[in-house]
Every structure is written in structure tokens, then in C-alpha cells.
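There are 2 protein chains.
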Amino acid sequence: MSSATLPSDIADRLKRDENGLVAAIIQQHDTDEVLMLGWMDDEALARTLTEGRVTFWSRSRAEYWRKGDTSGHEQHVRSVAIDCDGDALLVRVEQIGAACHTGNRTCFFTDLSVTEPSVTEPSA
Amino acid sequence: MSSATLPSDIADRLKRDENGLVAAIIQQHDTDEVLMLGWMDDEALARTLTEGRVTFWSRSRAEYWRKGDTSGHEQHVRSVAIDCDGDALLVRVEQIGAACHTGNRTCFFTDLSVTEPSVTEPSA
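Chains as they are written, first to last, in numbering that gives the first Met the number 0: chain A, 0 to 123; chain B, 0 to 123.
Extracted from the complex, chain A is given alone in its bound form:
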């Protein structure tokens, strides 16, 4: 893959964690479905902003990976937004096929049980 450099005005906005990463939420651009969450360092974001495809940094494999290169399930970038404090990105994409390596459309296919308190707490 090519290397890419992040413009300094964007790099200055990023609030990276101890490993130099920010969280990247991937959302289907037309249905607004949240598909997955990945991690980006400066170069992964620079590639994502210029290559038309989403590149992540894999924390477990310690390498760059471009979604779809092995699976064919490419993510084509439509827009990228950064949040107010610079530690998260919202990447809107056209997702080809399943976003999840399990074959599910989204990685968030497991619901946890939510129990409401029986008495409503007063608002602050």
C-alpha cells in the first residue's frame, strides 16, 4: 500500500490514545446503520481521506488493513467527520456486502439485556 501524510491542520485536531490511535465509527451512508468500529492512526486516516477506501490500524495484528482487500467487502468512503474533542471519527461509507468478518452485515448483532429501574429517578 501507499504511505500517506495527514495534513497538519487535521493532525493537530487529533487526540490520540497511548497507542497513537483514535476510534473510527463506520456507518452506512444511506441507511445510517452503524456497521463496525475500528482504529486509525494518522497514516490510516490519511489513506482513508485520499484513497477512497477505508484503512484501519489493527491493534491485534499491529498492521494496516484495508477493509475488503481479502474479503471483497470494500468500504467506499463518502464522508469523514471528527468529533468535538478529536478522539473519534465518523466515517460514512458505501459498504459492499457484510461489514463483519462473521458474515453479518454489522458487527453489532449481539444485544445485551437492558433492565429499567422500577422507579424513575428524578432528573438533575
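Heads up, a few of these hints could be off.
Which copy is meant is left open, because identical chains are indistinguishable; a pair holds if it fits in one copy or across any two.
Said to hold, decoys possible - DMTMM-like mimics (lysine to aspartate or glutamate), calculated; alpha carbons at most 25 Å apart, straight line:
id	residue 1	residue 2
1	Lys14	Glu62
2	Lys14	Asp40
3	Lys14	Glu50
4	Lys14	Asp29
5	Lys14	Asp110
Hints were generated in silico from the structure; no laboratory data involved.
Using the hints, position chain B against chain A.
Below, chain B alone, put in the same frame as chain A:
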């Protein structure tokens, strides 16, 4: 605030970072708008699953905070899903007012410039 304990079957699913945290994406349940991203440890997730309101762990202040306690902009939990590898949560909420401390509805109000390559790269 109350303390809460996470059920072991959920605790076993979590893949926490070095600080014991997972990322929590907050999405408006009916419009599917992505509002913000916060961080949760086991207790913040336990509270979120049982109190009907979203509780985060603040990395900068190193304390729990329940969205809306000072701003009135409460997040009422509708569902919580965990992703396939356990390091991210998708929390669908009814957001009262603005999710962002800036007063914006969403924290992702700053778009970054995306430039497409002039030649389409071949698929893998």
C-alpha cells in the same frame, strides 16, 4: 451514584483496552443519527444496563459521569449491543436536547475533506 456489578457472562465478552475501557457509540434510536462516542468500564456498562440512563467513564477527569446530570441532556437507554470482538458497544438512546457539550445535536459536526484518487484502484 449507585455502584453496579456486570454479569459475568457479559464481563467475559469484553475486550478492554489497557485502561479497562471499551468504546461506546451513542446513536439516536429513531433517526439512527450517531451522536457521540464515549468510554465505559465494567461498572459504567453495568449502570447503563440497569439504570435506564447512559453512564460513561471520563478518561480526562477519571470519574464516572452520567450524561445529562449537569446539562439536563439525558440519554435514555433503549438498547445496548456488543460487537463481534467485544471492544465496542452500540447504545441506542432517546437523546434529550443536544448530545454535544458545544450545544450541537451531535459531536460529529466537523467534516474533514475527502479527496478521491483520480484513477480507480482495482479491487482485490
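Each hint, compared with the structure:
no., hint, result
1, Lys14 to Glu62, "both (20 Å within a copy, 19 Å between copies)"
2, Lys14 to Asp40, "both (10 Å within a copy, 20 Å between copies)"
3, Lys14 to Glu50, "within (23 Å within a copy, 30 Å between copies)"
4, Lys14 to Asp29, "neither (28 Å within a copy, 30 Å between copies)"
5, Lys14 to Asp110, "between (30 Å within a copy, 16 Å between copies)"
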